[in-house]
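Starting from the given sequences, assemble the full structure and let the hints guide the process.
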Amino acid sequence: MSAAEFERMISASVLRLRTRSAYFASLVLFAPVVAATNVNQAATDGERVYVNADYFATLRQQDQDRLIVHQVLHAALLHLPRRGSRNPRIWNTACDIVLNGIISTIEGIGCDPMTQRDPELEALSVEEVYELLVRDPSRYPLSDSLDLLDATEADRSGLSGQGGFEQETRGTKRNAVLEAHWRNARHQADLIALMVAQGSLPSSMRRELSSTDPEKLDWRTYLWRYLVQTPTDFVGFDRRFLSRGLYIDALAGESLQVFVAVDTSGSIDERHLRLFMDEVQGILRAYPHITCELFYVDAEAHGPFQLTAHSPIPAPIGGGGTDFRPFFAALEDLIRPHMPIVAVYLTDGYGSFPSRPPEYPLLWVVVAGGLDSEAFPFGEAIRLLLE
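Residues -35 to -1, 1 to 352 (mature numbering (1 follows the signal peptide of the UniProt record, and there is no 0)) are what the sequence shown spells out, left to right.
The set of hints was computed from the structure by calculation and includes no laboratory data. Some hints here could point you the wrong way.
[Unchecked claim] Computed spacing ranges between beta-carbons, pair by pair:
#1 PRO302 - ARG190: 23 to 33 angstroms
#2 ARG(-18) - ARG239: 44 to 54 angstroms
#3 ALA22 - PRO78: 13 to 23 angstroms
#4 ASP28 - ILE278: 47 to 57 angstroms
#5 ASP28 - GLU85: 20 to 30 angstroms
#6 PRO102 - LEU299: 39 to 49 angstroms
Heads up, the beta-carbon is just placed ideally off N, CA and C, and yes, glycines get one too.
Here's what the structure looks like:
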């Protein structure tokens, strides 16, 4: 196939996309589509989309459009930089699952009828899907072909040097360039979609976009910021720790009481518990004014157990159904007037909530596959994801 014929097919696909979704068509303009004989079907390095022209010519128009959108969304949603050190095959599969859900919402394109779908997984972020696939690889067939090419993989495929970014932009520097490029692209696509008054993006796309936000705090940072805030005024540095080089804010006569609940109905495994508790104890080591009591909760609240910076973690108790109400009822008996407290609950979010929200700050720390963060009736929710 000649280069001119390939360009005509790509241009025709972009024109069709414009009639279906100004947003997705606009994103395509930020990822040059080039012919490449050394990919089986299509791939992306986060900057460009590489397409096997002979394979592309065998597809129906609808399938051509779907292939291009799929690869461009890989790039626009920063699936390569977000992969990090994760298993490439499982990560690629997780990305494909989420993209299948997004593309299925585009009128006139839809999802490939031969593609296996999992609506429950499609509603999650790629990071959450990845963690669930690691936990249960049999849940979904892993992708046979990898279409996400980092710099090393592009070198092996003979595609290096075809991109427009400087060749030395590798690793962290290249990721920063990609993030800036696609942040601008998504902004431009938003403006164009507004101009033509097309409908809002599907919720699955909005969720993926939130995962690309560089201002979004990871769960560790959020937990630290949440637990070290206190309703009392600071009175400067605690001078007891200055000689050790620890500049810790001293409190005006009050400590902060933290109540931690861990869901032991079966949704929290040992890795999540250890990761979470390590972080909580790290906070206790850094901030001596914080005291912490731990509950294990299934259909009942077991505890409290005093938790210190160096105490061993009590063995989990429970294994029954999930009911959040016993924990909040237990706190009603423990809280004293004017006691500054916060509560943190590690859970998947599926259970019975109290009819009334508590009057103290509450943070839900939600594991992969858990209840959507917006569905919690009160409190704030963050996602704990294994790396």
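Going down the list of hints, with the structure as the test:
Our hint of 23 to 33 angstroms for PRO302 and ARG190 holds, since their Cβ atoms are close to 27 angstroms apart. For ARG(-18) paired with ARG239, a C-beta distance near 50 angstroms keeps the hint of 44 to 54 angstroms intact. Between ALA22 and PRO78 the C-beta distance comes to about 21 angstroms, which sits within the given range of 13 to 23 angstroms. Under the hint 47 to 57 angstroms, the C-beta atoms of ASP28 and ILE278, about 52 angstroms apart, fit the expected range.
Distance hint check: the CB atoms of ASP28 and GLU85 are about 26 angstroms apart, consistent with the given range 20 to 30 angstroms. Distance hint for PRO102 and LEU299: a CB-CB separation of about 43 angstroms, consistent with the stated range 39 to 49 angstroms.
Violation of the numbered hints given earlier is absent; every hint is satisfied by the structure.
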